[in-house]
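Fit chain P to the given chain Y structure using the hints.
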Amino acid sequence: MNSGASGAGQPFRLASGGRIDRSRPVSFSFDGRSFSGFAGDTLASALLANGVHMVARSFKYHRPRGLFGAGAEEPAGLVQIGRDAARTDPNMRATEVEIYDGLEAFPQNCWPSLNFDAGAINDAFSRFMPSGFYYKTFMGPPGNWMMFETFIRRAAGLGRAPEAPDPDRYESTNRHCDVLVIGTGPAGLMAALAAARSGARVILTEETRELGGALLSLAEGDVAIGGHSPSAWAADIEAELASHPDVMILKRAAPVGYYGDNLLVFNQQLQDHLPLSVRDPLMPRQRLWRIRAAQTVLATGAIERPLIFDGNDRPGIMLASAVSSYIHRYGVLPGRNAVLFTNNNAAWQTAFDMHRAGWGVAGIVDVRSKIEPEMQARAHEKGIPVFANSVIDGTAGRRRIANVSIRSLASESSVGDKAVEIACDLLAVSGGLSPNVALFAQSRGKLRHDAGIAAFRPGPSWQRERSAGLCNGTLDLSERIAEGLRCGAEAASAAGFATAPTELPAIEWKTEPAPYTIRALWSLPSHKPKHKTRAFVDLQNDVTTKDLHLAAQEGYRSVEHAKRYTTTGMGTDQGKTVGINAFGILADATKRTIPDVGVTTYRQPYKPVTFGALAAQHTGAHFEARRTTAMHEWHVAHSAEFETVGDWLRPRVYPRAGESFQDALMRECKAARQSVAVLDASTLGKIDIRGPDAREFLNRVYTNSWKKLKPGRCRYGLMLGEDGMVLDDGVTACLADDHFHMTTTTGGAARVLSILEDYLQTEWPELQVWLTSVTEQWAVASICGPESAKLVAELCDDLDPDPETFPFMSLRDAHIGGVPVRVFRISFTGELSYEINIPASLGLWLWERIFAVGEKYGITPYGTEGMHLLRAEKGFIIVGQDTDGTVTPHDLRMGWAVKKDGDFIGRRSLFRADTIREDHRQLVGLLPADPNLVLVEGAHIIASAAEPKPPVKMLGHVTSSYFSPTLDRSFALALVEAGGKRMGETLYATWEGGAPAPVVVTETDFLAEPGAPSGEAKPAPKSTAEKPQETAHA
Amino acid sequence: MFIIECPHCGPRDQAEFHYGGEAHRARLTDSEQMTDEEWAEFLFMRTNTKGVFAERWNHAAGCRRWFNMLRNTATDEILAIYPMGAERPAEIGGKGPATPCGEAPIGSGNDAAKIEREAALMDKSEAA
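Each protein sequence line maps, in turn, to chains Y and P. Counting in the working numbering, the first sequence tops out at residue 1021, every number present. Counting in the working numbering, the second sequence tops out at residue 136, every number present.
Hints in this document: simulated from the structure, not taken from any laboratory.
Chain P regions said to be covered by chain Y (calculated; three or more residues, Cβ under 8 Å): (1) 9 to 19; (2) 37 to 47; (3) 66 to 78.
Beta carbons are placed, not taken as given, at the ideal position from N, Cα and C, and that holds for glycine.
Chain Y extracted, bound-state conformation (with noise of 0.2 Å):
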């Protein structure tokens, strides 16, 4: 045999034929050798030209795999290709990737050398790795699975993923039509050529580079349609296709998936095809499409089925429709001496084909014993042997079909004594088409099985959809051709387009193949016993009859758990060659019918997809939106560090140059209370709430009463879901008696807006209340320190700030440079606050002018840092942070801001016997003993000051933990088990790492204390206390 020589020697392409362009030779390696093919070759092809079958080792057994299909259906010929770190793509069919210049492909699952595998030992000890031996084995003591894992990972296996970020772009786009087409051979064709011609809109796909399926796979010579060859035929149709301006075709756009309501989705290759240095970096590489179809017309073609018998997963063993395909398509012979192995009569022009290319066949071994007699004389004529009612049973040659051996059927599971040996470089094998039905499966609708043919047809539709051609079981040329036509013309016309008749074209055979027929045995007899034979049902994943007749005598009868055991059907080609395969099997091994057994689900995607396509434009920011003040220009000029909280991002502290981040911070806090400190607190939620019943909405949604509240006052309330929960938080002002502003936390804004307008809309739709979102529409600047007054009144133009006059928790509107303002008196920090509202076009403006105008106070921003810090010294929760869901209003000691008449959302859960059990977690404070001790948030407060043996009874834990300037020393928030009634007790805080810590349980407002200094005390009594605004986290 010649093994393919480099350059342009290509010693198996055949002098003529295919359609290649013999003018454009095209370089290429595969695992490190340079090649030529031509362009319109395949991988595939292009290494057939070469002489070179063997490309891939298989994935559990490391065994020598070939190509073994010519399109979407090749379970074994996968390929990596390209070798960057960004730019590689595993598992690529090697029969689908199209050359180009410079392409570069490697083998998959072999170290050191395709031909030298050290995996390969697998194969010697295959007998102890019968399906579910990963189960099997690694059910077994502890720890084993640890120790294989290493070695199972590298020894099984497919290509490498990219490591690196994906350089190329990807898109996806929607589109709608009334006939949607999947597939171009010659029922495609007409089925988009009748729709079209109705006027409706068509979207016509096809997943290779040409129009034409199954009809590019025909010699020219062999049939003419409408008197002209099967490719000038679709040629033309493609022709006056695109003349129609409603019509779109995609070529090189493979289905993904059927969906409901008739989508089907698409992934086109826009760019893989073209060599690296041409391709266009601003345009897409893939382009996913979803198309909502008005009515769907599959067209989706057949695959050959393999025979299952001992010793058929050599290179050199392909698919008899593969080798048509690449005859007539490509021009490639891929052997010199072959033998065809078949169940059906269909298979035998592919031995004609190679006949006519000139080279050798060596036998047709046909598993029917009624041959037709017209086909028996073709052969003879021909000179090649014909052997009827027999069986290969076994073969020979290490890296490559060297021999085959044949045997005739004594019964259906016996074979006779006498073999014959027949020396071939190539076998074709035919176990009978089955309809590509997965995307009518996938479509819900119900398959129908065929005896006729041995496989499984469409049966009742469930969606829009028909079949037409070879995917409906409907083999003969002449009539998948009417079927295209009517089902076309169907579709168009329930679409809702009048047809007009379109004429069939004439069809005429040089010589008419004859009805289609078959004779299925699922699994080949062999001379040898059982035991001894290694017949591959799915090559891709090593999976033999012996898999299949241990799970089902492990007592697997359901097909899908029998798929899974066996792994049969998966990885990614889907099992498209096994299929009935392995039903047939399941059912002679469990003594059913093929109906009986049923068939395992056709699952999306139809083929693998990248990740790119599925994200398509939607990366980084596209699809993770980032939301940024009117402010952020600012900060980010004075050096802000940033986090995000919810979507958007807001500065955590503004270290100076030097300034490490503790000592910004221990600054800004000291700031806030000792001077003047402004935040950023545009983010907060703000929802605008309008209607004679707002006030009543407002009582219902949140747990403290609002009845009394008078315009231009504040109240802080707490939101419950209706277990109980606390959900979130914050400051609403009266407005006006119909009109209230009430403040979210930043992440929860959302959320909560969502949940009001669900209660309105559901509940209480008598209450005349309504919502908007003011969010973005207001900037806000909270101004707090002891100086604060005096920096407000300088910068309004009409607003006397003295705290006697303007008190907490109430709203004044005012002017800043004649700009109108709402100014807010309510503090997150415990220290005198005024919180200015501006429309967020002048938010910027607002912000240095506060600047200019503050920096004799020495004004200094803080961030959410010190904003965290300063709360936490005064006890404010934050949502999310202090509380996780579990956390109800008792267990926050926070039983002031519940009400106890009237109903409330979530006010039945407080009284359930579990949440108001006396020794539930509640928030308290915690000063550790140590006070440079800052502890860990999460740390776990246990009873002792030795860490006893497991379990560890935990009282409860850290919520949040700071070092305070202004104590300085280190406190904490804690949930603790009864915290409420451990006022001075001495716990422990414990983490990975360290000893328990002593910490003693205080009151949680650690500015209360005498000596602390003068703040904006919670006014007394505490039912009436105004809780300051919240700024959370989401």
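Positioned in the frame of chain Y, the structure of chain P alone reads:
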């Protein structure tokens, strides 16, 4: 990805909608009188119907309006769309999907739904 006919905006892709769970679960006003068990039943327990199910949907990426929908959860067939507060359409609620095994006729994910059985086989499985 089915299409939902929003009563305010017209047919839109399912992706624009949020699911709101079982419909006709009005918030109770007499919860004070209920036992913990009754309250927990109201709060946490929902029916998980295979077949015709009344559920709430919200056109979250559109008009943000809530509405009710009768959907066959086994087939995604939408049988009715009606306003919040309206009664569940009675004439549709009466007839569910009926097959010999009580399954929805198509699309329920089991073998019976995937392939069309011959009458003889059906008889056999019924006898079994």
